[in-house]
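Modelling step: build the complete structure from the supplied sequences, incorporating the hints.
Residue numbers (our numbering), protein chains in the order written: chain R, 1 to 226; chain V, 227 to 452; chain D, 453 to 678; chain Y, 679 to 904.
Among the hints, a few may not be true.
To be verified - DSS-like, lysine-lysine: derived pairs with alpha carbons at most 30 Å apart:
no. : chain 1 : residue 1 : chain 2 : residue 2
1   : D       : K491      : Y       : K872
2   : Y       : K859      : Y       : K683
3   : Y       : K710      : Y       : K828
4   : V       : K405      : D       : K543
5   : D       : K559      : Y       : K874
6   : D       : K631      : V       : K405
7   : R       : K126      : V       : K267
8   : D       : K543      : D       : K491
9   : R       : K107      : V       : K352
10  : V       : K378      : V       : K258
11  : R       : K126      : D       : K646
12  : D       : K633      : R       : K126
13  : Y       : K804      : D       : K648
14  : Y       : K719      : D       : K648
15  : R       : K194      : V       : K267
16  : D       : K631      : V       : K317
17  : Y       : K872      : V       : K352
18  : D       : K559      : V       : K352
19  : R       : K126      : V       : K333
20  : D       : K493      : D       : K604
21  : D       : K559      : Y       : K681
22  : D       : K546      : Y       : K872
23  : V       : K333      : R       : K5
24  : R       : K196      : V       : K267
25  : V       : K422      : R       : K39
26  : D       : K457      : Y       : K785
27  : R       : K194      : R       : K2
Since the hints were derived computationally from the structure, they do not count as laboratory data. These numbers come from a predicted model, not from an experiment.
Chain residues, written in single-letter form:
There are 4 protein chains.
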Amino acid sequence: MKKTKISERLRKDADSIWKEIFNHPFVVELYKGTLPIEKFKFYVLQDYNYLATNMKNLGILSSKAESVEAMREMLEIAHLEATSEFESYEKFLKNLGYTIEDAIRIKPTQTNISYASFLLATSSLKTFWEGLAATLPCFWTYEEIAEFHKDKLNESKNSLYFEWASVYLTEPYHDLVNKMKGLLDNASNIEYEKLKEAFITASKYEYMYWSMAYDMEEWLIPLKQE
Amino acid sequence: MKKTKISERLRKDADSIWKEIFNHPFVVELYKGTLPIEKFKFYVLQDYNYLATNMKNLGILSSKAESVEAMREMLEIAHLEATSEFESYEKFLKNLGYTIEDAIRIKPTQTNISYASFLLATSSLKTFWEGLAATLPCFWTYEEIAEFHKDKLNESKNSLYFEWASVYLTEPYHDLVNKMKGLLDNASNIEYEKLKEAFITASKYEYMYWSMAYDMEEWLIPLKQE
Amino acid sequence: MKKTKISERLRKDADSIWKEIFNHPFVVELYKGTLPIEKFKFYVLQDYNYLATNMKNLGILSSKAESVEAMREMLEIAHLEATSEFESYEKFLKNLGYTIEDAIRIKPTQTNISYASFLLATSSLKTFWEGLAATLPCFWTYEEIAEFHKDKLNESKNSLYFEWASVYLTEPYHDLVNKMKGLLDNASNIEYEKLKEAFITASKYEYMYWSMAYDMEEWLIPLKQE
Amino acid sequence: MKKTKISERLRKDADSIWKEIFNHPFVVELYKGTLPIEKFKFYVLQDYNYLATNMKNLGILSSKAESVEAMREMLEIAHLEATSEFESYEKFLKNLGYTIEDAIRIKPTQTNISYASFLLATSSLKTFWEGLAATLPCFWTYEEIAEFHKDKLNESKNSLYFEWASVYLTEPYHDLVNKMKGLLDNASNIEYEKLKEAFITASKYEYMYWSMAYDMEEWLIPLKQE
Numbered sequence: 001m002k003k004t005k006i007s008e009r010l011r012k013d014a015d016s017i018w019k020e021i022f023n024h025p026f027v028v029e030l031y032k033g034t035l036p037i038e039k040f041k042f043y044v045l046q047d048y049n050y051l052a053t054n055m056k057n058l059g060i061l062s063s064k065a066e067s068v069e070a071m072r073e074m075l076e077i078a079h080l081e082a083t084s085e086f087e088s089y090e091k092f093l094k095n096l097g098y099t100i101e102d103a104i105r106i107k108p109t110q111t112n113i114s115y116a117s118f119l120l121a122t123s124s125l126k127t128f129w130e131g132l133a134a135t136l137p138c139f140w141t142y143e144e145i146a147e148f149h150k151d152k153l154n155e156s157k158n159s160l161y162f163e164w165a166s167v168y169l170t171e172p173y174h175d176l177v178n179k180m181k182g183l184l185d186n187a188s189n190i191e192y193e194k195l196k197e198a199f200i201t202a203s204k205y206e207y208m209y210w211s212m213a214y215d216m217e218e219w220l221i222p223l224k225q226e
Numbered sequence: 227m228k229k230t231k232i233s234e235r236l237r238k239d240a241d242s243i244w245k246e247i248f249n250h251p252f253v254v255e256l257y258k259g260t261l262p263i264e265k266f267k268f269y270v271l272q273d274y275n276y277l278a279t280n281m282k283n284l285g286i287l288s289s290k291a292e293s294v295e296a297m298r299e300m301l302e303i304a305h306l307e308a309t310s311e312f313e314s315y316e317k318f319l320k321n322l323g324y325t326i327e328d329a330i331r332i333k334p335t336q337t338n339i340s341y342a343s344f345l346l347a348t349s350s351l352k353t354f355w356e357g358l359a360a361t362l363p364c365f366w367t368y369e370e371i372a373e374f375h376k377d378k379l380n381e382s383k384n385s386l387y388f389e390w391a392s393v394y395l396t397e398p399y400h401d402l403v404n405k406m407k408g409l410l411d412n413a414s415n416i417e418y419e420k421l422k423e424a425f426i427t428a429s430k431y432e433y434m435y436w437s438m439a440y441d442m443e444e445w446l447i448p449l450k451q452e
Numbered sequence: 453m454k455k456t457k458i459s460e461r462l463r464k465d466a467d468s469i470w471k472e473i474f475n476h477p478f479v480v481e482l483y484k485g486t487l488p489i490e491k492f493k494f495y496v497l498q499d500y501n502y503l504a505t506n507m508k509n510l511g512i513l514s515s516k517a518e519s520v521e522a523m524r525e526m527l528e529i530a531h532l533e534a535t536s537e538f539e540s541y542e543k544f545l546k547n548l549g550y551t552i553e554d555a556i557r558i559k560p561t562q563t564n565i566s567y568a569s570f571l572l573a574t575s576s577l578k579t580f581w582e583g584l585a586a587t588l589p590c591f592w593t594y595e596e597i598a599e600f601h602k603d604k605l606n607e608s609k610n611s612l613y614f615e616w617a618s619v620y621l622t623e624p625y626h627d628l629v630n631k632m633k634g635l636l637d638n639a640s641n642i643e644y645e646k647l648k649e650a651f652i653t654a655s656k657y658e659y660m661y662w663s664m665a666y667d668m669e670e671w672l673i674p675l676k677q678e
Numbered sequence: 679m680k681k682t683k684i685s686e687r688l689r690k691d692a693d694s695i696w697k698e699i700f701n702h703p704f705v706v707e708l709y710k711g712t713l714p715i716e717k718f719k720f721y722v723l724q725d726y727n728y729l730a731t732n733m734k735n736l737g738i739l740s741s742k743a744e745s746v747e748a749m750r751e752m753l754e755i756a757h758l759e760a761t762s763e764f765e766s767y768e769k770f771l772k773n774l775g776y777t778i779e780d781a782i783r784i785k786p787t788q789t790n791i792s793y794a795s796f797l798l799a800t801s802s803l804k805t806f807w808e809g810l811a812a813t814l815p816c817f818w819t820y821e822e823i824a825e826f827h828k829d830k831l832n833e834s835k836n837s838l839y840f841e842w843a844s845v846y847l848t849e850p851y852h853d854l855v856n857k858m859k860g861l862l863d864n865a866s867n868i869e870y871e872k873l874k875e876a877f878i879t880a881s882k883y884e885y886m887y888w889s890m891a892y893d894m895e896e897w898l899i900p901l902k903q904e
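Set out below in structure tokens:
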């Protein structure tokens, strides 16, 4: 009998959350092409900040991998992310009329800070495997979202959103996600509960992140003196 | 002309948030003695988890202090927290009918995870001073809350809440807070904007934390498969 | 059949190195009272630097302890070290005619840097248990050295060295060492080889450290341009 | 007047040590082709361990770089090192009749542990710039050694050593070193003394490392029971 891979177990255990993510109004409207542009701009600016943190996160994970082989793979993943996804993001910012400095200057929302802190604290202070399990949902949900809404995307007339989304349907992006899944499959099943905790928590943050963007989250209290 | 201390500047810049904290329904009802007991129990169990994380946080800060003198003071603070506030918490848990194991077993809410991750990521990856600025609001707001609601507390007939709250009016607790403020006052004003960011963000988490307890926060999505 | 404690196994496995340490000329002459004072001064100044690093090391370990109980004990140990051994060292420096600033200004030797780096890298990047196993030999050998040479010490006419050494025969110092041993005994035997590696390597550094002091180590190359 | 680059200042301040390195018997005999093969094998096996640690070190540095740009460059460097120098090393091991497992199994010498610990402790606990300054001498001295002994190498009949050494004369290797120097030149001159300390200390370790290999370092004490 074939043993279930850890990544498959995690995927299954997070399924109800992932379904909510797929059907999140931000996601649906984005792939349909009907999402108000100001919500999208809000998202993109916040996401630049998030991606910078995630690059740091991948650096930390690279330094914690237990074997030379795993370290090399993590560096490969981090390098790929830094040079491909990240650079395409910078081009994209320019298309929206922003400079990178604009993006750097944007204050992260409380939800953004929470998710980023969770990733950094997990990769810094927990095991390599827990850090990897926390990092995976971001990459993986984007791949599945794109797959789930592929038909909508092809019918969409919104070339801006089309361009943004189509990255997640490319071969290099699939490779990136597969590399991470493959690496995580080497974790020990004994640690499964901890991996699940990290994976589920990160999946919840993914959902909250889309809500943050859809609601263009501001801080609840009018801060006159700040 | 006397220069304003860094802790005073921070306190002033966070004033609008702190006022909201003082008037948060959880806080007000707690000091009045009218808070429903199940909300309080929810809070106390979550807080045990938070305090354990905060102890780790104080350990990290102890290791990052730049001078021998500052390191010794941080160890003093961490040790005080570990032996006094924390131990009294454990006694308190028992009064509520819980074992420490109950408290350890409780899953932290997403807000709890967010706040704790923010503290750990800041103290691990930013400067000692930013870590300290992030850590201070938790200790300091509790002191000011108790001072702000002292009259309500004295009129309260709720001996359980009275006992819990009166810790924050004691001399040793004032000393603890003053030690932390005094240490932070040694930071450089050049770094003020970063310190402020940490202090304000932590203050916001304090507010969210009370809301989490008042709402007995559950995760927004019905997770059937989890 | 009683199981051998981890600390006892480690002690036995390091026995040949520890015997060399007990018989190191610096140690023997120190307890006899015949050690040239300039060698002792060299040692004390280097050691202030080492102790400051070790305090940082204990802070790191405090933040890595896995249970609340272990964290509290590590903070207790770190706090004890910071307030008792360290403060007595500062008094001692003054007796020798040095200010603390003199001690801070002293450049650590390459051996000192090596040992301190080993402790910090181990506690930062390996498990809590490996960090603790690396930290123990410093504390423990000083206790056994004092015990081993107790008779010599009592016959010694050198009140300066007598004062320095007698700290390691006191009850509080025994308690400190016992606390650390007791904590390490909670480690898992499965990890024994890694613990042994850390413990043996640290024991070797202890030997090298005494040699460094006896030889008043300077850097091997005449550095004209530096 | 042109300002001296930080990397040039460091290079000049370390010149006397670097001259000793260039003339170290291991280095000279290696480039002449007369180095006894057992010394070379000893070196190569130790170095595999060192390179693995250095990859971890580069991962840590990647996570600490302060700007997105610097992070990306560090990941580029780390990735280059992991895929080019490191992979060529693995091929080289095989040429010498070793498997990678042989190399992994080799216990690092005390000098190797010291140097590796110094790099890891510096990059983990000091600033990004100090970590980078500590990391540079290893890469840079190898480049200058190869340049310094180029003529000897060309006359050498030893094809094994020729192959090993010629990597350090290639364009990609020059690029790697130049990238690191260029990155370090962005550091602030205010921090120069700390950078110098890290750079000089690492240069000394480089010298000690060659001595370790030439002497085929064993531990000074006969360890019967170990």
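**OP:** For the pair we were handed, V:K405 and D:K543, check the Cα-Cα distance against 30 Å.
**Re:** 24 Å, holds
Original post:
Given the hinted pair D:K631 and V:K317, is their alpha-carbon gap at most 30 Å?
Top reply: 24 Å, holds
Original post:
Do the alpha carbons of R:K196 and V:K267 lie within 30 Å of each other, as the hint requires?
Top reply: 27 Å, holds
**OP:** Given the hint that Y:K859 pairs with Y:K683, test it: the Cα-Cα distance must not exceed 30 Å.
**Re:** 9 Å, holds
Subject >> Proposed proximity, R:K39 with V:K422 (alpha carbon, max 30 Å) >> reply: Roughly 28 Å between the alpha carbons, so the hint for V:K422 and R:K39 holds.
**OP:** Would you check the hint for R:K126 and V:K333, treating anything up to 30 Å between C-alpha atoms as holding?
**Re:** 17 Å, holds
**OP:** Sort out whether R:K2 lies within 30 Å of R:K194, counting only the CA atoms.
**Re:** 23 Å, holds
Original post:
Holds or violated: are the alpha carbons of R:K107 and V:K352 at most 30 Å from each other?
Top reply: Distance ~17 Å between R:K107 and V:K352 Cα, so the pair holds.
Subject >> 30 Å Cα cutoff - pair Y:K872, V:K352 >> reply: The hint holds at about 19 Å.
**OP:** Assess, step by step, whether the Cα of R:K126 is no farther than 30 Å from the Cα of D:K646, and give holds or violated.
**Re:** With Cα atoms ~19 Å apart, R:K126 and D:K646 stay inside 30 Å; holds.
Original post:
Is the straight-line distance between the alpha-carbon of V:K378 and that of V:K258 30 Å or less?
Top reply: 5 Å, holds
Original post:
Do the alpha carbons of D:K491 and Y:K872 lie within 30 Å of each other, as the hint requires?
Top reply: Given pair D:K491, Y:K872 holds - Cα atoms ~28 Å apart, limit 30 Å.
Checked against the numbered hints above, the structure breaks none of them.
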